[in-house]
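Novice: The primary structure of each chain is shown beneath.
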Amino acid sequence: MSNALHNDYGDQRRKEAMEFEKVTSQESHEPVIENGVERRHALPGLYTLNDFEAFSGIDKQSFINAVGASTIDELLERDKQREQDGFPRKIRVGRLFKPGRGANDSVVIVPSTVEEKLIHDSVSDPTQEGQAGGSGQGDEGEVIGEQPIRPEQQGDGNGAGQGNGSGHEMESSAYDLGRVLTQQFALPNLKDRGTKRALTRFIYDITDKNRGFGQVLDKKATLRKVIETNIGLERISDMATIDTSEFLVSPKDKIYRVLSREKDYESQAMVFFLRDYSGSMAGKCTELVVAQHVLIYSWLLYQYSKRVETRFIVHDTEAREVPDFYTYYNSKVAGGTQVSTGYEFINEIVEKENLAQEYNIFVFQGTDGDDWDAVGEKAIPELKKILSYASRVGITIAEHSYSAGQKTEVQKYLEDSGVLSEFSDYLRMDVINENADESRLIEGIKQLLSTESVT
Amino acid sequence: MELVDQKTKRIMEGCKERAYDAGLRFGDETLEYIVTNRDLIELTPKYMIPTLYDYWVHDVECLKEKGRYELYPNNPYETVINTRPAISFYNDNNPDWMNVMIFYHVLGHIDFFRCNQYFRNTWDFDFTGQALSDKRTIAKLRSEKGRWVDYVIEFSRSIDNLVGYHSELSRIDNSGVSSATPLDYYFDIFLQSVKKIPMTEYIKEVERYNACVRQDSTIAEQVFFSDVHKKYPEFSSLYEKANISRNERNLDIMQYVLRHSENLNRGKNQWMKSVIELVRKTSLFFQPQIRTKIMNEGWASYWHEKLFLSDDRILGHEVDFARLHAGIASMPRVGLNPYALGIRIFQYIEELADKGKLSQDFQRISSIRERERYDKAEGKGIEKIFDVRNNMCDYLFIDTFVDQDFVTKHDLFVAGKRLNSNKMVYEYYVKSRNAGDYCKMLQDSLYHPPFITVDPERNANNTLYLYHHFEGKPLVAEFISNVMLGLEFLWDGPVQLETSEVERGESRSDGRNLRKGEDGNSRELNWQRVLYTMKNRNLSRKILT
Chain A
1 MSNALHNDYG DQRRKEAMEF EKVTSQESHE PVIENGVERR HALPGLYTLN
51 DFEAFSGIDK QSFINAVGAS TIDELLERDK QREQDGFPRK IRVGRLFKPG
101 RGANDSVVIV PSTVEEKLIH DSVSDPTQEG QAGGSGQGDE GEVIGEQPIR
151 PEQQGDGNGA GQGNGSGHEM ESSAYDLGRV LTQQFALPNL KDRGTKRALT
201 RFIYDITDKN RGFGQVLDKK ATLRKVIETN IGLERISDMA TIDTSEFLVS
251 PKDKIYRVLS REKDYESQAM VFFLRDYSGS MAGKCTELVV AQHVLIYSWL
301 LYQYSKRVET RFIVHDTEAR EVPDFYTYYN SKVAGGTQVS TGYEFINEIV
351 EKENLAQEYN IFVFQGTDGD DWDAVGEKAI PELKKILSYA SRVGITIAEH
401 SYSAGQKTEV QKYLEDSGVL SEFSDYLRMD VINENADESR LIEGIKQLLS
451 TESVT
Chain B
456 MELVDQKTKR IMEGCKERAY DAGLRFGDET LEYIVTNRDL IELTPKYMIP
506 TLYDYWVHDV ECLKEKGRYE LYPNNPYETV INTRPAISFY NDNNPDWMNV
556 MIFYHVLGHI DFFRCNQYFR NTWDFDFTGQ ALSDKRTIAK LRSEKGRWVD
606 YVIEFSRSID NLVGYHSELS RIDNSGVSSA TPLDYYFDIF LQSVKKIPMT
656 EYIKEVERYN ACVRQDSTIA EQVFFSDVHK KYPEFSSLYE KANISRNERN
706 LDIMQYVLRH SENLNRGKNQ WMKSVIELVR KTSLFFQPQI RTKIMNEGWA
756 SYWHEKLFLS DDRILGHEVD FARLHAGIAS MPRVGLNPYA LGIRIFQYIE
806 ELADKGKLSQ DFQRISSIRE RERYDKAEGK GIEKIFDVRN NMCDYLFIDT
856 FVDQDFVTKH DLFVAGKRLN SNKMVYEYYV KSRNAGDYCK MLQDSLYHPP
906 FITVDPERNA NNTLYLYHHF EGKPLVAEFI SNVMLGLEFL WDGPVQLETS
956 EVERGESRSD GRNLRKGEDG NSRELNWQRV LYTMKNRNLS RKILT
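If you're matching them up, the sequences are chains A and B in order.
All the letters of the first sequence, read from the start, carry residue numbers 1 to 455 under my numbering.
All the letters of the second sequence, read from the start, carry residue numbers 456 to 1000 under my numbering.
Source of the hints: derived by calculation from the structure; they are not laboratory data.
Some hints could be false.
[What the hints assert, rightly or not] Each computed SDA-like pair below joins lysine to any residue, with the alpha-carbon atoms no more than 25 Å apart:
#: 1; chain 1: B; residue 1: K872; chain 2: A; residue 2: Q147
#: 2; chain 1: A; residue 1: K254; chain 2: B; residue 2: G469
#: 3; chain 1: B; residue 1: K864; chain 2: A; residue 2: G136
#: 4; chain 1: B; residue 1: K864; chain 2: A; residue 2: V143
#: 5; chain 1: A; residue 1: K446; chain 2: B; residue 2: Y640
#: 6; chain 1: A; residue 1: K117; chain 2: B; residue 2: G927
#: 7; chain 1: B; residue 1: K895; chain 2: A; residue 2: R82
#: 8; chain 1: B; residue 1: K471; chain 2: A; residue 2: R211
#: 9; chain 1: A; residue 1: K252; chain 2: B; residue 2: K864
#: 10; chain 1: B; residue 1: K990; chain 2: A; residue 2: D85
#: 11; chain 1: B; residue 1: K728; chain 2: A; residue 2: I144
#: 12; chain 1: B; residue 1: K723; chain 2: B; residue 2: L596
#: 13; chain 1: B; residue 1: K872; chain 2: B; residue 2: C894
#: 14; chain 1: B; residue 1: K736; chain 2: B; residue 2: W603
#: 15; chain 1: B; residue 1: K872; chain 2: A; residue 2: I144
#: 16; chain 1: B; residue 1: K872; chain 2: B; residue 2: K928
#: 17; chain 1: B; residue 1: K462; chain 2: A; residue 2: Q147
#: 18; chain 1: A; residue 1: K117; chain 2: B; residue 2: K864
#: 19; chain 1: B; residue 1: K501; chain 2: A; residue 2: E115
#: 20; chain 1: B; residue 1: K831; chain 2: B; residue 2: Q802
#: 21; chain 1: B; residue 1: K835; chain 2: B; residue 2: Y803
#: 22; chain 1: B; residue 1: K864; chain 2: A; residue 2: D139
#: 23; chain 1: A; residue 1: K90; chain 2: B; residue 2: F934
#: 24; chain 1: B; residue 1: K872; chain 2: A; residue 2: V143
#: 25; chain 1: B; residue 1: K595; chain 2: A; residue 2: P251
#: 26; chain 1: B; residue 1: K519; chain 2: A; residue 2: D139
#: 27; chain 1: A; residue 1: K209; chain 2: B; residue 2: K462
#: 28; chain 1: B; residue 1: K728; chain 2: A; residue 2: F87
#: 29; chain 1: B; residue 1: K595; chain 2: A; residue 2: V216
#: 30; chain 1: A; residue 1: K209; chain 2: B; residue 2: G482
#: 31; chain 1: A; residue 1: K117; chain 2: B; residue 2: K462
#: 32; chain 1: A; residue 1: K209; chain 2: B; residue 2: D579
#: 33; chain 1: B; residue 1: K872; chain 2: A; residue 2: Q81
#: 34; chain 1: A; residue 1: K90; chain 2: B; residue 2: D605
#: 35; chain 1: B; residue 1: K878; chain 2: A; residue 2: V143
#: 36; chain 1: B; residue 1: K471; chain 2: A; residue 2: N210
[Said to hold, decoys possible] Covered, in the sense of this in silico footprint (three residues per stretch, anywhere, with C-beta under 8 Å from a C-beta of chain A), are these stretches of chain B:
#: 37; stretch: 581-588
#: 38; stretch: 721-729
#: 39; stretch: 789-801
Heads up, the beta-carbon is just placed ideally off N, CA and C, and yes, glycines get one too.
Just chain A, with the same shape it has in the complex (with noise of 0.2 Å):
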């Protein structure tokens, strides 16, 4: 979490924290001193306690190191975005301050919001600070203690350790791309397939078996239970002719759902990068192609965060997965093209990792129309298979200047092959000049992207 705070934009985070703790120096959740003794809560009132609060006396260090379901990084982005929907931003970063000796205050930087709603307002006798309970002894009038108000907020407002923002400044461009170009598009054939589990995300459910009695009554497994029993007990003499009107059954023998914890089956997409890195590519093309990756790779960061996992694969006689996007993006250009190598490689890591069934597969594939399998003899076969269970496969040609006009091998052998019009449904193809300027790209993924069949 400090991490993310402390990069690239940290800055104006920093600005946005010291502001926002202006705001809420008044709040409740800032620990106050008193006395010398620290308390979380000014004073308790009717719903600050909880059974939670009340039973706990003793602290208890322990480091918890959980992963949130967003990070702070995602939640401010989805607050950037609500700008320009036309709603006011509503998440403010703060600090929470604790107090120590010397100078040993630790600072932690968390997020906040405040749902609005219409509620009442407390200030109903102006001349006064406030009310609240008491209990003891005193008369009337008499000042049973004294509170100091606020006392002077020391430090900056940098809190925790700086991080390191090598690797998430593409990110965090990537984000403000996405955010732009996320009204354009949306990905076709989304199905509803995704079983694939997020390991640091957990869901609740009723699955957990129960005997005897819990929320669901589970009747497959409460029948089976009762024939169980009931041939314990010699009831059924003959299993061909069996009167279940006839069965004994105990309450013991229900089986009941009941709640319980389950790692995340969120549905979702994994898209593959392949991009053709040989030597043909040098130049243009090569930009032109992670150029709009990059824009696709922007918005499905932004728009599907959270449910689209990335892979880079780049190839030239070779192919060769590549852990993220920055060194996809920069990976120098050298050797021949042996565009099947690539699709051979996507469907291997498909078979092996066994991603079709949990997943909508996406390629995007970037190439300069070279091939030294002219015909395809390699490339259509693997191609079709990964049709076979791809959501869509968006082929882009960056066609160099010096061949215009003439259709490039891959070209070529995907239209002379029939895939085109045979899985209309799933591949598109979009054939770019490579002095093609940025417009045209975004025209270009909106090609790839399309719902609409192509004749």
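Since chain A is already given, all that's left is putting chain B on it; use the hints.
Specialist: Here is chain B on its own, set in the frame of chain A:
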């Protein structure tokens, strides 16, 4: 998260037997889970319902709680949710004696959930299951509509405290007789308000009806109304119209928007309705809990004390118990503690009823000494507190039983807080020891959402007109804009809100700054009606005369 082990479960079952014998009712089955602190932090923003729908505000809360936990680690003990069967959560490191105490506390809560009438809208279904299906609906919609689902959740939640909880309760009570019969309408409204016939004729009509009944009670109404229809051909249509508007009047804002928004009833926006409906249902589910906080905690504390001390299994832990119990149920010097207050009131009621003090005879006695000595030894204490547990909510509980004897007995007072600008401190002082003041202070701190309804008669030109029935407290001004913004989105038309605010004499931005009057005398406030209008995402304010 897992079920407690067999040994702990056996302890729980032992507690159940004893609690059952004492009169608590909690259903035979309960589920107990061991949870970690992390689970709890994640569950807290979801009101401890594990299956509640995902929403980004929960994530914000969660991150905030984690931050707080880094600074102030603590180990919470238990919580219980109102489901079928009831579910409760525990830490895994409690010693046995503590578990016994906690189990009794939990059983007290479960008993309260099941028996208190204010919870009757939650009795017929299991909320975890309900919430789970809602959560799936939301997840599905989110994959189709993206962030717009979250906007709809947000905007619905901004008005979910205004749900018609009480009309929901009365609907349950009167299911089947939701509308007036033609007979009621004819005599109560039609003749009196619509036709305004003189009293003699009215009595004649009543007599005519009675005559019909005497002749043949089975077809009396039929015979009677055949004449009515002849005489007033417009009667049936007026009756139907009246019935509709009667139902309309009981709609809360969310229901009204659901039913009448053109925007939501358009085909492509239908999905929003299910989101709003679901937020509304969720809110209704939690309404009774917040309206019975003092009673619920008091009841649970009363029983954990009583049952623990009579439990033979844990002899020897009385001192441990006393320490923990005192931490829970002691009155703070300044501030309120629902556990402490609740348990004291229940004990007070028990004592009153045991001594027969809840009677007119006792009320008539004015001598303090005699009042103290009064004891009819009626022994109806237990019976009485069970009765109170069945039928009251916090408001009635306080209003009925917090009297001067109670306030004096426990040394209670209203604490005031004022600024001492010389010393730069806030001073707390004993403001009043009068039961009336104390009671009023309690009631002011009870949960009470503003009473705001839609006024259909002022909904001109697709405008949604909200009317705040003023009860002496203004609305929080800074929230109005965003709530109305969201409502405008859902309604898809201008939204107006009529409310009351303090007249702004000096250059103040809102009512808050009025506090500057430091002279100590309460100043007369001048209230005025104002009309907020949200149109095209712009808020304007107009003073009504």
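Novice: Now look at each hint and say whether the structure bears it out.
Specialist: Against the structure, the hints come out as follows:
no. : hint               : verdict
1   : B:K872 with A:Q147 : 10 Å, holds
2   : A:K254 with B:G469 : 23 Å, holds
3   : B:K864 with A:G136 : 10 Å, holds
4   : B:K864 with A:V143 : 21 Å, holds
5   : A:K446 with B:Y640 : 63 Å, violated
6   : A:K117 with B:G927 : 18 Å, holds
7   : B:K895 with A:R82  : 42 Å, violated
8   : B:K471 with A:R211 : 19 Å, holds
9   : A:K252 with B:K864 : 52 Å, violated
10  : B:K990 with A:D85  : 16 Å, holds
11  : B:K728 with A:I144 : 54 Å, violated
12  : B:K723 with B:L596 : 12 Å, holds
13  : B:K872 with B:C894 : 18 Å, holds
14  : B:K736 with B:W603 : 20 Å, holds
15  : B:K872 with A:I144 : 10 Å, holds
16  : B:K872 with B:K928 : 20 Å, holds
17  : B:K462 with A:Q147 : 48 Å, violated
18  : A:K117 with B:K864 : 39 Å, violated
19  : B:K501 with A:E115 : 14 Å, holds
20  : B:K831 with B:Q802 : 17 Å, holds
21  : B:K835 with B:Y803 : 13 Å, holds
22  : B:K864 with A:D139 : 15 Å, holds
23  : A:K90 with B:F934  : 12 Å, holds
24  : B:K872 with A:V143 : 9 Å, holds
25  : B:K595 with A:P251 : 37 Å, violated
26  : B:K519 with A:D139 : 41 Å, violated
27  : A:K209 with B:K462 : 20 Å, holds
28  : B:K728 with A:F87  : 21 Å, holds
29  : B:K595 with A:V216 : 22 Å, holds
30  : A:K209 with B:G482 : 19 Å, holds
31  : A:K117 with B:K462 : 46 Å, violated
32  : A:K209 with B:D579 : 22 Å, holds
33  : B:K872 with A:Q81  : 43 Å, violated
34  : A:K90 with B:D605  : 13 Å, holds
35  : B:K878 with A:V143 : 13 Å, holds
36  : B:K471 with A:N210 : 19 Å, holds
37  : 581-588            : holds (count 4)
38  : 721-729            : violated (count 0)
39  : 789-801            : holds (count 7)
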